[in-house]
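Asks: Each chain, letter by letter, is given below.
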Amino acid sequence: MAWLVAVDGELAGRRFSLDAPCLVGRGPYNHVVLDDTRISRQHAKISPEPGGHVVYDLNSANGTFVNEVQVKRQKLSPADVVRFGPFTFRFESAALDNTGPLKVAKFMEAQTQVGAEPPSKIIDSLDASLATNPGVAHDLAELEDADRKLRTLYAFMQSIATTLEQSELFERILRNLLELFPAAEAVAVYLREPTTGMMEPRKVVRRDAGPPSLSTLPGLFHEEVVQKGRAILSAPLSPGAKDAGGTSMHAPMIFGNDVQGVLHVRGGERDLVAFNQSDLDLLTGLASQAAMALQNARMHAESLKQQRLQQDLLLAEQIQKSFLPRQLPSVEGIEFVTEYRPAYSVGGDFYDLFWLDHERVGVFIGDVSGKGVSAALLMARISSDLRVAALAEPSPARAISRVNQAVLERKQHDIFVTGIYLTLDVKSKQVTLANAGHLPPFIRRKTRGELVRVEGGSGTAIGIFDEAVYEETRLDLEPGDTLVLCTDGVLEATDELGEQFGFERLELSLSSGTSRPTDVADRLQRDLREHVGDAPQYDDVTLIVLGVTGDPPPARMRRRDEPTQTVKAG
Amino acid sequence: MFQFERSEREGVTVLSLAGNLDAATSAGLKKEVVTLTDGGKTRVAVELAKLTLIDSTGVGVLISLFKRARAAGGAVHFAGLQGQPKEIFRLLRLDRSLDLHPSLDEALAKLKA
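Chains as they are written, first to last, in the numbering used here: chain A, 887 to 1456; chain B, 77 to 189.
No lab work stands behind these hints, which were simulated from the structure alone. Certain hints may be false.
[Stated by the list, open to error] Subject to a maximum C-alpha distance of 25 Å in a straight line, what follows is the list of computed SDA-like cross-link-like pairs (lysine to any residue):
#1 B:K188 - B:E163
#2 B:K106 - A:P1215
#3 B:K106 - A:G899
#4 B:K162 - B:G115
#5 B:K106 - A:P1080
#6 B:K188 - A:P1080
#7 B:K106 - A:R1273
#8 B:K107 - A:L1263
[Stated by the list, open to error] Taking beta-carbon pairs under 10 Å as the criterion, some of the chain B residues facing chain A (in silico):
#9 T133
#10 H177
#11 L180
Keep in mind it's a predicted model, so treat the numbers as computed, not measured. Each residue gets a CB set at the ideal place from its N, CA and C atoms; glycine is no exception.
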C-alpha cells in the first residue's frame, strides 16, 4: 500500500491511494484535483511499478518537485516530499510493511516531522482509529477511490451532456477517455447498426497522430459485451496476466435493455497491464453515461427531423391553400356553400369554382389518392391542368380527358385522382357534368322533396388508362333544387367503433330538413360530427353545395338528367 | 391485418392478397410491385378473393402494378373481387377498364393465352 498525503492547504491530511496509477492536475477527472491556476490541467502522474512508485511530470507549466528538486521522472522513497506548484505532499509506502499498527504509528510520527503544517492539525484531521488499525486506512483509500470515481463521472457527464450533436458527442467522449486513461493508446466508440444489428466503429481516436484505425476486435467482444452486456478486460497477449490487468477494455453502452454501442479503450502493445479492474469499473460507469447522452442526442435529432417535416407540411399546406378559390363566384340566383376539412394539415382533396365566360361557371371537386405532401403537390398541379383544360374545352368530358392525359404523362404510377367537373349555365341553370370515378353527386329536388343520386356521366378515375372514355350528363336545376358534391371522406367518416357514415346516413341527412344550401351543408356537418364523436378524422372531407334560389315556377315541373353525350379521349 | 403471397405458375406471377389493404398496411406490397416489375415479372394475376377491405392507397398500389406492368409490355388480370373492394372498384369505374375474372383459373387462362 502507498499513499500521497497532503501536508498543507485545504487538503491537509487527505490521503490518496497510489495502489493504482494516480493522476494529479487541475482537471476534474484527476484522482488528485488541485484547483489552482498554477497547476496544469494534467500535471503529473504517479504509477506503481515493479521497482516501486515513480512520479512523472506531464509537461506541466510550473513543474513537479521531489524534495525541492524539479523532476521529469523520479522514483519515490518513503517520506519524500512531492510538490506540485503550491501544493506539498508526502509519499508514504507500506509495501514491505506487515507489522501492523506499530508501523502506521511510525508513519504518523514521520508526518509530524516533515509536514509544514503544525503536527496537531494533521493528527486531528485523521480518524483516531487510523492510528491503531491499518485496515481502516485501506477502507479510507477505497472510499476515496469511490469518491474520485463519482467526481470523475460527474465531470464526464457535464462535459458530454452539453452537446446534442452526435459526432461532437463522440469526439468529446473519446477525448475524455484519453485523458482519464493515461495508458490508453487508442479509444473508439462502436454503435449498433440498426439494419444489420452489428456493432460498427463510429469514431476512433489515437493518442498519437497515427491513422484512426483499430485492429479487428476479438470474437469475445461480441459474445460478452454485445449479448450479455458485460464489460470486459482482455489480455490476449498474456492470458496468465489477466488477474493483474489487461491490455484493452470494452464496456457496453446500455440504454433500456439494449446494448446500443460499445466503448473500447486500448493500451500500448507492450503494456501488458495497462488497465486493472478499477479502470474497468470506471469505464463501465462512463459507458452508461455515454449511452444516456447518446439517447438524448438521438431524440434531439429525431425532433429536428420532425420539425423539418412539419415545415414541409406547412409549405405544402400554403401551396395547397393558394390553389383553393379564395372567393366563390357571386351569381345571381345561385347560392354556393363549400366546406374543406383536411384530415392532416395537407390533404388529397381539392375543389375549384371559377368563371368560364359570361354565362358559365366551372365547378370541380377531386380527391388525389394517397395523403401528405406528394398528394398535395399533385393536387396543386392538377388544379392548374384543369383550369387550362376547362378554358380550352367547353365540354366537361373532353376537359377531364385532357386532365387524364396530363396526369398520365407525369408517370406517377401509384397515384390516381377521382373527380367531378361540371359547368353551370347561370341563365338556364343547366348543369353539364362528367364524373371520373368519383362518388356520385346528389340532387335534392324541392319540387318533389326527393333525393336523386346522379349516376350518369361516369367514367374511370383520372390517371389510370390512356384510353379512358368519359361521358357527360345534363341536369336542369330548378329554383329550390340543391346539388351536393362531396368526397368519400364523408362516406368513410368512422366512429369510435369503426362504423362508417355510409350511403344510408348520407342520404338520410341530405333528404331531411329544408333544401336551402346552407341548411343542407350545416345539417350534413352536424350529422357527421355526431357520428364521428371523439374518433380521429382519418380522411379529408370536402363538400360543395350549390342551390338555385327562389320559388319554383309552378309551370316548370319537368326535368331530365339522362346522359346525352359520349366523348372519346385521345 | 394484411398478407400477401407470391408464386409462379407457368410463366405467370400470382399475387394472392388477404386482409385489409390500406395506408397502414400497403408498404410491403408497394415494394413487391416495384421488385416484380423491375425484375421483368410483368404478367401478373392478382387474386383478391380473400381481400376484405381496400382504401384509396391500396387501390393506388394495385393501379401502380397495372400501370408499371403495362408500360413494360405486360398485363395484369384480377380475380375473385368481392365485398367492399368490389364496391370500390365499381365506384372508381375500374370495373370497366381492368380485366376482372370470377376465378384465378380464368385469369391464368387469359394470361397464358
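Asks: Hold the hint about T133 of chain B up to the distance rule: shortest CB distance to chain A must be less than 10 Å.
Replies: holds, 6 Å
Asks: Under the criterion that the straight-line Cα-Cα distance not exceed 25 Å, is the pair K106 of chain B, P1080 of chain A satisfied?
Replies: holds, 22 Å
Asks: Please verify whether K188 of chain B and E163 of chain B have alpha carbons no more than 25 Å apart.
Replies: Status violated; Cα separation ~28 Å.
Asks: Check the hint pairing K107 of chain B with L1263 of chain A against an upper bound of 25 Å on the C-alpha distance.
Replies: holds, 23 Å
Asks: Can the hint on L180 of chain B be confirmed by a CB-to-CB distance to chain A that is less than 10 Å?
Replies: violated, 23 Å
Asks: Between K106 of chain B and G899 of chain A, is the straight-line Cα distance small enough, at 25 Å or below?
Replies: violated, 74 Å
Asks: Within 25 Å, alpha carbon to alpha carbon, are K188 of chain B and P1080 of chain A?
Replies: violated, 43 Å
Asks: Is it true that the CA of K162 of chain B sits at most 25 Å from the CA of G115 of chain B?
Replies: Distance ~29 Å between K162 of chain B and G115 of chain B Cα, so the pair is violated.
Asks: So if I understand the rule, the pair passes when the alpha-carbon distance is 25 Å or less; does K106 of chain B with R1273 of chain A pass?
Replies: Distance of about 32 Å is beyond 25 Å: violated.
Asks: Going by Cβ atoms only, is H177 of chain B closer than 10 Å to chain A?
Replies: violated, 18 Å
Asks: Check the hint pairing K106 of chain B with P1215 of chain A against an upper bound of 25 Å on the C-alpha distance.
Replies: violated, 42 Å
Hint violations for this structure: numbers 1, 2, 3, 4, 6, 7, 10 and 11, all remaining hints satisfied.
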